[in-house]
Amino acid sequence: MPGKKKTPEKIRVRFAPSPTGPLHIGGARTALFNYLFAKQHSGSFILRIEDTDKERSNQAWTDEIIEQLNWLGIEWSEGPDVGGKFGPYKQSQRSDIYKEYLEKLLAEKKAYYCFCVPEDLEAKRQDQISRGLAPKYDGTCKNLSEKIIESNIKEHKTSVIRFFIHDKKVKFHDAIRGEIEFDTGLLGDIVIAKNMDTPLFHFTVVVDDFLMEISHVIRGEDHLSNTPRQMLLQEALGFSHPTYAHIPLFLNTDKSKMSKRQGDVALKDYHDKGYLPEALINFMVLLGWNPGTQKEIFNLNELVKEFSLEKVQKSGAVFNLQKLDYLNGYYIREKSISSLTKLCLPYLQPLNTNQYNVKQLEKIIEAYKARLKKLSDIKELTDFFFVEKLSYDKKVLTWKEMGDREVKESLETSVKILSNTEKWDKKSLEELLVGAAEAFNTKNRGYLLWPLRVALSGKEASASPFEIAEILGKEKTLQRIGDAIDKFI
RNA sequence: GGUCCCAUCGUCUAGCCUGGUCUAGGACACAAGAUUUUCACUCUUGUAACCCGGGUUCAAAUCCCGGUGGGACCGCCA
Numbered sequence: 431m432p433g434k435k436k437t438p439e440k441i442r443v444r445f446a447p448s449p450t451g452p453l454h455i456g457g458a459r460t461a462l463f464n465y466l467f468a469k470q471h472s473g474s475f476i477l478r479i480e481d482t483d484k485e486r487s488n489q490a491w492t493d494e495i496i497e498q499l500n501w502l503g504i505e506w507s508e509g510p511d512v513g514g515k516f517g518p519y520k521q522s523q524r525s526d527i528y529k530e531y532l533e534k535l536l537a538e539k540k541a542y543y544c545f546c547v548p549e550d551l552e553a554k555r556q557d558q559i560s561r562g563l564a565p566k567y568d569g570t571c572k573n574l575s576e577k578i579i580e581s582n583i584k585e586h587k588t589s590v591i592r593f594f595i596h597d598k599k600v601k602f603h604d605a606i607r608g609e610i611e612f613d614t615g616l617l618g619d620i621v622i623a624k625n626m627d628t629p630l631f632h633f634t635v636v637v638d639d640f641l642m643e644i645s646h647v648i649r650g651e652d653h654l655s656n657t658p659r660q661m662l663l664q665e666a667l668g669f670s671h672p673t674y675a676h677i678p679l680f681l682n683t684d685k686s687k688m689s690k691r692q693g694d695v696a697l698k699d700y701h702d703k704g705y706l707p708e709a710l711i712n713f714m715v716l717l718g719w720n721p722g723t724q725k726e727i728f729n730l731n732e733l734v735k736e737f738s739l740e741k742v743q744k745s746g747a748v749f750n751l752q753k754l755d756y757l758n759g760y761y762i763r764e765k766s767i768s769s770l771t772k773l774c775l776p777y778l779q780p781l782n783t784n785q786y787n788v789k790q791l792e793k794i795i796e797a798y799k800a801r802l803k804k805l806s807d808i809k810e811l812t813d814f815f816f817v818e819k820l821s822y823d824k825k826v827l828t829w830k831e832m833g834d835r836e837v838k839e840s841l842e843t844s845v846k847i848l849s850n851t852e853k854w855d856k857k858s859l860e861e862l863l864v865g866a867a868e869a870f871n872t873k874n875r876g877y878l879l880w881p882l883r884v885a886l887s888g889k890e891a892s893a894s895p896f897e898i899a900e901i902l903g904k905e906k907t908l909q910r911i912g913d914a915i916d917k918f919i
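Letter by letter, the first sequence follows residues 431 to 919 in the working numbering.
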């Protein structure tokens, strides 16, 4: 192989959620962007669980995160469930690794023990804020003598480990935002571990990203101001810097960071309501990214080809449910009837769906497919198919200026026509009824069709009477019209 | 309060780097119309935006400066 050029850096990215709650919709998009970026560069996408906070972390949430990511169709090549050569992929299982680097920092005097008590720290912080200063650690324990440290440790005084933050201008190139500069002099010395066995976020992130050979850190904008601290840590440990890319946040309607206070934030909430993964993916990617063409409908494979970090937006995006609904409706209409029926079935509970066979159920779904924004809409739309006796106001039966006598007459006409036919499919029924309707009132078909449709559905808005009658069958159809006529006696 | 980031229709955005082709394009939503017994789908049309002020220039949405506004972060959470 002659003249082989230097191999470019292998792209390795990660999604690193902490399992302290359900997968956040913003987290899902971060995972998606990482996945797309990795895939299109033939790189690796890694799932790492950041469960250093023992109190708040829970295996159940790890399971939930994995389940939801799988549901979306985002796949990783290394992670706690699939393993990989840079494992383990749960930080709680990497204590020994962290300890080694912690000891190194301590030995090199780049980190130090701090014996300040939290109450005092909090009081100082409040004082700094009230005086209009940037709250930061005042350095009380910065220059403690070896002797004092030793005796404090011997006395089992509670301590934490802090990292020296030096005065420095930290500059870096963010793949989305360009050049960014921070003055670390404004930062206080950060706590990197509660003790030797309990390292904290900034520290574990830096160690793991290095050891797992992460090339690009793609994360939420809320981490932008964490970046200089982590870069200083990288320098202290002799690590190289990964490339950073901070993606914009999802916003509430009032433009604040999307939070639980206003609506659903968990991906599962959307899953449960009957949003399709393809719709969610298409929606999430469009919130903050645009290919620069007029194309707006994308599947995962197309996104892998077309996505680019450079085209990611800098400003936050309001999470606009209406567009999600539109996209979801679109993808619902794209589904095959058999798969859509299977998807809808759970949402029909506890209605008695057993009274219909699969073919009939598919007809119901077919008739309502275009009206669905989300799968859970199906129940309210089609419940009338599953009840014995309809309950509705008799006024609904009236079309335009019809009087009671005319409505009754209209319904009786329908009975007469339908009783005399055996061809009970929607096409034949339509031909039959449209002809009859035009004969019944030459001005408008509604005089016959509206009362009939309401008699069958009990609703002002529904599918056509032909479709409903076909599914209901002749017997139930005639019975429902009879019930409607009874309202006028 | 400090630091950092951001700023085009109600919302998501194209255009900005490489000023003129921008009387600013698309999508959702909204409105009207067509179709229809109704709703939905579909189709047609419409309403609607360059945060403000200065500067550079023959020319600025686009470049520069300053305001203003919004957001994020400032933890022994991540």
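Derived by calculation from the structure, the hints in this document are not laboratory data. Treat the hints loosely; a few may be bogus.
Calculated lysine-lysine pairs in the DSS-like style (CA-CA distance at most 25 Å, straight line) [to be verified]:
| # | residue 1 | residue 2 |
| --- | --- | --- |
| 1 | K744 | K772 |
| 2 | K789 | K857 |
| 3 | K857 | K917 |
| 4 | K520 | K577 |
| 5 | K584 | K698 |
| 6 | K809 | K856 |
| 7 | K520 | K572 |
| 8 | K577 | K698 |
| 9 | K703 | K819 |
| 10 | K534 | K520 |
| 11 | K539 | K598 |
| 12 | K687 | K765 |
| 13 | K917 | K825 |
| 14 | K687 | K789 |
| 15 | K587 | K577 |
| 16 | K857 | K703 |
| 17 | K753 | K838 |
| 18 | K825 | K804 |
| 19 | K793 | K804 |
| 20 | K753 | K819 |
| 21 | K793 | K838 |
| 22 | K803 | K824 |
| 23 | K529 | K572 |
| 24 | K685 | K529 |
Since the structure is predicted, the reported quantities are computational estimates derived from the model, not experimental observations.
Verification of the supplied hints:
{"no.": "1", "hint": "K744 - K772", "verdict": "violated, 40 Å"}
{"no.": "2", "hint": "K789 - K857", "verdict": "holds, 17 Å"}
{"no.": "3", "hint": "K857 - K917", "verdict": "violated, 29 Å"}
{"no.": "4", "hint": "K520 - K577", "verdict": "violated, 37 Å"}
{"no.": "5", "hint": "K584 - K698", "verdict": "violated, 49 Å"}
{"no.": "6", "hint": "K809 - K856", "verdict": "holds, 22 Å"}
{"no.": "7", "hint": "K520 - K572", "verdict": "violated, 32 Å"}
{"no.": "8", "hint": "K577 - K698", "verdict": "violated, 54 Å"}
{"no.": "9", "hint": "K703 - K819", "verdict": "violated, 28 Å"}
{"no.": "10", "hint": "K534 - K520", "verdict": "holds, 22 Å"}
{"no.": "11", "hint": "K539 - K598", "verdict": "holds, 18 Å"}
{"no.": "12", "hint": "K687 - K765", "verdict": "violated, 34 Å"}
{"no.": "13", "hint": "K917 - K825", "verdict": "holds, 10 Å"}
{"no.": "14", "hint": "K687 - K789", "verdict": "violated, 46 Å"}
{"no.": "15", "hint": "K587 - K577", "verdict": "holds, 14 Å"}
{"no.": "16", "hint": "K857 - K703", "verdict": "violated, 34 Å"}
{"no.": "17", "hint": "K753 - K838", "verdict": "violated, 44 Å"}
{"no.": "18", "hint": "K825 - K804", "verdict": "violated, 30 Å"}
{"no.": "19", "hint": "K793 - K804", "verdict": "holds, 18 Å"}
{"no.": "20", "hint": "K753 - K819", "verdict": "violated, 37 Å"}
{"no.": "21", "hint": "K793 - K838", "verdict": "violated, 29 Å"}
{"no.": "22", "hint": "K803 - K824", "verdict": "violated, 29 Å"}
{"no.": "23", "hint": "K529 - K572", "verdict": "holds, 21 Å"}
{"no.": "24", "hint": "K685 - K529", "verdict": "violated, 41 Å"}
The structure is inconsistent with the numbered hints 1, 3, 4, 5, 7, 8, 9, 12, 14, 16, 17, 18, 20, 21, 22, 24, although it conforms to all the rest.
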